[in-house]
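Participant: Chain by chain, the residues run as shown.
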Amino acid sequence: MVPPVQPRKLAKVPFVELADGRLQGVVSSGSDIGRVYVSSIASGTHAYNCSTNNNRPCGGLYGSPCKHLRALAAEAVLQYGLDRVARYLRADVPEGADLVDCLDGSHEPAPAAMVFSRFLRHLAYLEVPDTTVPIPELHWFPAAGVRR
Amino acid sequence: MLAAQLAALPDGDPEGVQEALALVNGLDDALVHGLARLSAERAEAPAALAAALAGTPLGERLAESSEKVASGSVADEHLTALAGGRAALLGAVHDALLADLDAALGRERAPWQAAPEPEADGAAHLLGGARSWLRELAITGWRGVDHDLVTAADQITEALLAVPGRRRLAVLLDGLAAELRACCPAGTAERLPVRRWADLWTRALLLAQDGAPPGAGEPVGTVSGRLLILGADVHEHATAVQVQVHAVLEPADGGRARLVRASAAAAKVDTITGPALWKLLHRHRVLLGALTDRRAVDVTDLPLLGGGDLVWHDDRAVLGKPADPFTTARLLLDGALAPAEPPLDRHPVRIAEPVLVEGYTVTADGSFDLDGTVLAVDTERLPSCGPLTPELVAGSTACVGLVRWDGGRWLLQPLAVQAKVKRQTTAITTGDWALGPTDPKVVKAEARAGDAVAVLRERAGRLLRR
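So the sequence lines, in the order shown, correspond to chains A and G. Numbered according to our numbering, the first sequence spans residues 520 to 667. Numbered according to our numbering, the second sequence spans residues 102 to 567.
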């Protein structure tokens with residue numbers, strides 16, 4: 520079964536996932552509410568990329584991860600826990616270190632459009648109407664347990 | 102549930118359960134490595150299943166299907182027959198277990214009453230897509246599932262979610278795909294939830310048949326009367342949440358009280374968890390208000406499905422007088438008529454019988470000891486959207502809960518407890534926060550985290566192409 524994710528503030532980084540061999544997600548622009556950045560870090564090679572949803576490269580990528588990538592990594596750690604993210608990326612993170620400082624990849628182009636469309640698909644769930652017809656199959660999926 | 106009732110519940114499995122589960126395990130094992138690579142030993146499993154069901158209406162089709170599958174030809178109809186055989190076995194296990202439980206509790210159950218056939222909803226091509234994905238899964242086996250195969254489910258579920266009557270299949274496929282994705286590649290994973298995934302695969306294949314009725318079937322009639330709530334059971338995976346309210350309905354015409362359920366479900370995303378889940382169900386204000394304020398509800402003309410489910414309409418419900426779940430359970434649970442289980446839904450996982458347990462001592466591992474007979478308590482199912490914690494359950498003196506059968510034993514899933522809080526005996530239920538958390542610590546944590554639903558809705562409003 521899928522370990523439940525931890526709640527976190529979604530305002531800055533509305534979408535994070537470990538999928539398709541990457542830590543990938545969407546970071547809201549700090550200056551333009553209509554713009555988002557698509558950021559990703561590949562598992563294994565740690566190659567990273569950041570661009571707008573229209574595929575313009577992020578101006579903050581000067582040979583090291585930009586602030587969007589840093590925010591993505593930090594929020595992923597909140598959501599999934601450091602262990603799970605480090606394991607997925609195959610990164611060695613010594614105790615007390617920041618995940619993003621322990622990555623040794625370089626900037627490589629990556630498909631932003633696919634991540635962005637996964638984000639839109641994610642948002643589309645909130646548009647699905649609720650229902651009062653029972654779904655007996657959900658008995659296989661008990662609520663995520665209390666963690667207080 | 103009295104000590105005598107618990108003691109009357111047989112310790113071991115009903116006769117034949119072990120044998121039935123052994124046949125199921127054989128088939129499940131074949132699905133681990135895929136039907137394309139059936140070794141001689143695993144190829145016997147479908148044949149054994151067919152032999153066991155030879156005398157049933159499924160017998161002939163199963164015999165043919167098991168031969169075909171063993172010879173490496175895997176068509177939809179063969180998989181459907183295998184899924185049907187597996188479901189029939191687990192349905193029989195369900196029936197035997199529930200009969201034991203009903204006998205121990207002295208609970209009378211209504212006979213199954215078939216509803217009229219619903220009309221086709223034109224989703225046939227979508228069902229075909231779902232079946233072919235499920236066939237790929239069966240051929241590949243859990244060990245062979247890769248990212249591309251998992252991702253192929255996305256389009257199918259997206260299309261199914263848009264058809265109201267196919268919500269069950271959509272939600273089920275999405276849950277299965279998410280688990281496969283989280284384990285992907287599963288080739289090297291040490292342990293896989295083999296029975297569970299085969300269960301989900303089987304149910305999905307049955308729901309994807311062209312003849313599968315949309316929704317949960319047609320209503321058998323409408324009911325009016327007073328609804329007295331026992332508790333709320335919460336189900337959740339990354340993209341769905343369902344609250345199922347168990348209650349006793351006192352019919353307005355003075356007929357016999359009956360056990361019913363009322364459900365509300367919503368689509369969600371993984372980052373919406375905890376008390377925020379209730380916000381997704383805000384349209385059902387009367388139902389949520391009845392949970393929070395512990396009130397009865399007067400309902401008028403609610404459709405009732407054959408399985409004992411009310412189809413909730415908030416505008417046909419009015420909040421009534423205060424009603425404590427423990428009083429309801431003490432006074433009404435024993436005489437209430439339990440609903441029949443729809444034949445296709447029969448599976449041990451579906452057993453969730455409301456009971457009242459009191460007069461117990463709590464053992465070191467958190468189980469309830471009733472005069473020497475021990476009932477295990479499943480605190481893993483306490484939902485994060487409510488105030489009920491394992492500590493409160495461990496300190497409780499009375500509990501309204503659901504009896505379930507999981508992992509080969511009977512368990513109690515608490516929905517409400519009476520426990521001492523600040524030296525006062527208080528009732529705490531899973532539905533207490535339906536209209537928002539009341540614990541200041543939780544309220545603060547929620548405020549710190551911000552409104553996840555609102556943030557995502559804002560993003561959706563700005564970014565989704567309309």
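Be aware that a few hints might be false.
[Stated by the list, open to error] Computed Cβ-Cβ distance ranges for the label pairs, DEER-style:
| no. | chain 1 | residue 1 | chain 2 | residue 2 | range |
| --- | --- | --- | --- | --- | --- |
| 1 | G | A263 | A | D551 | 30 to 38 Å |
| 2 | G | P491 | A | R606 | 48 to 56 Å |
| 3 | G | V544 | A | Q525 | 17 to 25 Å |
| 4 | G | G508 | A | A643 | 48 to 56 Å |
| 5 | A | P628 | G | E220 | 45 to 53 Å |
| 6 | G | E481 | A | G615 | 29 to 37 Å |
| 7 | A | R606 | G | G467 | 29 to 37 Å |
| 8 | A | A616 | G | T474 | 47 to 55 Å |
| 9 | G | R510 | A | P628 | 49 to 57 Å |
| 10 | A | A643 | G | A283 | 41 to 49 Å |
[To be verified] BS3-like mimics (lysine-lysine), calculated; alpha carbons at most 30 Å apart, straight line:
| no. | chain 1 | residue 1 | chain 2 | residue 2 |
| --- | --- | --- | --- | --- |
| 11 | G | K380 | G | K422 |
| 12 | G | K521 | A | K531 |
| 13 | G | K523 | A | K531 |
| 14 | G | K545 | G | K521 |
| 15 | G | K521 | G | K422 |
| 16 | G | K380 | G | K169 |
| 17 | G | K545 | G | K523 |
| 18 | G | K521 | G | K542 |
| 19 | G | K523 | G | K542 |
| 20 | A | K528 | G | K380 |
| 21 | A | K528 | G | K545 |
| 22 | G | K380 | G | K542 |
| 23 | G | K545 | A | K586 |
| 24 | A | K528 | A | K586 |
| 25 | A | K531 | A | K586 |
| 26 | G | K422 | G | K523 |
| 27 | A | K528 | G | K542 |
| 28 | A | K531 | G | K422 |
Hint data in this document are derived by calculation from the structure and do not stem from the laboratory. Ideal Cβ positions, reconstructed from N, Cα and C, are used throughout, including at glycine.
Participant: Each hint should be assessed against the structure and marked as holding or not.
Facilitator: Going through the hints against the structure:
Checked against the hint of 30 to 38 Å, the C-beta distance between A263/G and D551/A comes to roughly 32 Å, which is consistent with it. For P491/G and R606/A, the Cβ-Cβ distance of about 28 Å falls outside the hinted range of 48 to 56 Å, so the restraint is violated. Against the hinted window of 17 to 25 Å, the Cβ-Cβ separation of V544/G and Q525/A comes to about 18 Å, which satisfies the hint. At roughly 36 Å, the beta-carbon separation of G508/G and A643/A lies outside the given 48 to 56 Å, and the hint is violated.
Remark: the range hint 45 to 53 Å for P628/A to E220/G is upheld by a beta-carbon distance near 51 Å. For E481/G paired with G615/A, a C-beta distance near 32 Å keeps the hint of 29 to 37 Å intact. Our hint of 29 to 37 Å for R606/A and G467/G holds, since their Cβ atoms are close to 31 Å apart. The hinted range of 47 to 55 Å is satisfied by A616/A and T474/G, whose Cβ atoms lie roughly 53 Å apart.
Checking the proposed 49 to 57 Å range against R510/G and P628/A shows it holds: the Cβ atoms sit about 54 Å from each other. Evaluation of the 41 to 49 Å hint for A643/A and A283/G yields a failure: the beta carbon distance comes to about 21 Å. This hinted pair checks out: K380/G and K422/G have alpha carbons roughly 24 Å apart, not beyond 30 Å. Using a Cα cut-off of 30 Å, the hinted pair K521/G and K531/A is violated, with the two alpha carbons roughly 42 Å apart.
Proposed proximity of K523/G and K531/A is contradicted: the alpha carbons are some 40 Å apart, above 30 Å. A distance of roughly 24 Å separates the Cα atoms of K545/G and K521/G; the hinted pair therefore holds under the 30 Å criterion. In summary, the hint linking K521/G to K422/G is supported, as the alpha carbons are separated by about 25 Å, within the 30 Å threshold. A distance of roughly 50 Å separates the Cα atoms of K380/G and K169/G; the hinted pair therefore is violated under the 30 Å criterion.
Note on K545/G and K523/G: the hinted pairing holds, with a Cα-Cα distance of about 21 Å set against a maximum of 30 Å. Distance hint between K521/G and K542/G is fulfilled; the C-alpha atoms sit about 19 Å from each other, no more than 30 Å. The hinted pair formed by K523/G and K542/G meets the criterion: a straight-line CA distance of about 17 Å does not exceed 30 Å. Simply put, K528/A and K380/G have alpha-carbon atoms about 16 Å apart, close enough for the 30 Å limit, and the pair holds.
With a CA separation close to 13 Å, the supplied pair K528/A and K545/G stays within the 30 Å bound. The straight-line distance between the Cα atoms of K380/G and K542/G is roughly 19 Å, inside the 30 Å bound, and the hint therefore holds. Restraint check for K545/G and K586/A: satisfied, since their Cα atoms lie roughly 28 Å apart, inside the 30 Å limit. Taking the CA atoms of K528/A and K586/A, the gap is near 17 Å; set against the 30 Å cutoff, the hint holds.
As the CA atoms of K531/A and K586/A are separated by approximately 11 Å, the hinted pair is consistent with the 30 Å bound. Restraint check for K422/G and K523/G: satisfied, since their Cα atoms lie roughly 27 Å apart, inside the 30 Å limit. Among the hinted pairs, K528/A with K542/G is consistent with the structure: their alpha-carbon atoms are about 17 Å apart, no more than 30 Å. Using a Cα cut-off of 30 Å, the hinted pair K531/A and K422/G is violated, with the two alpha carbons roughly 45 Å apart.
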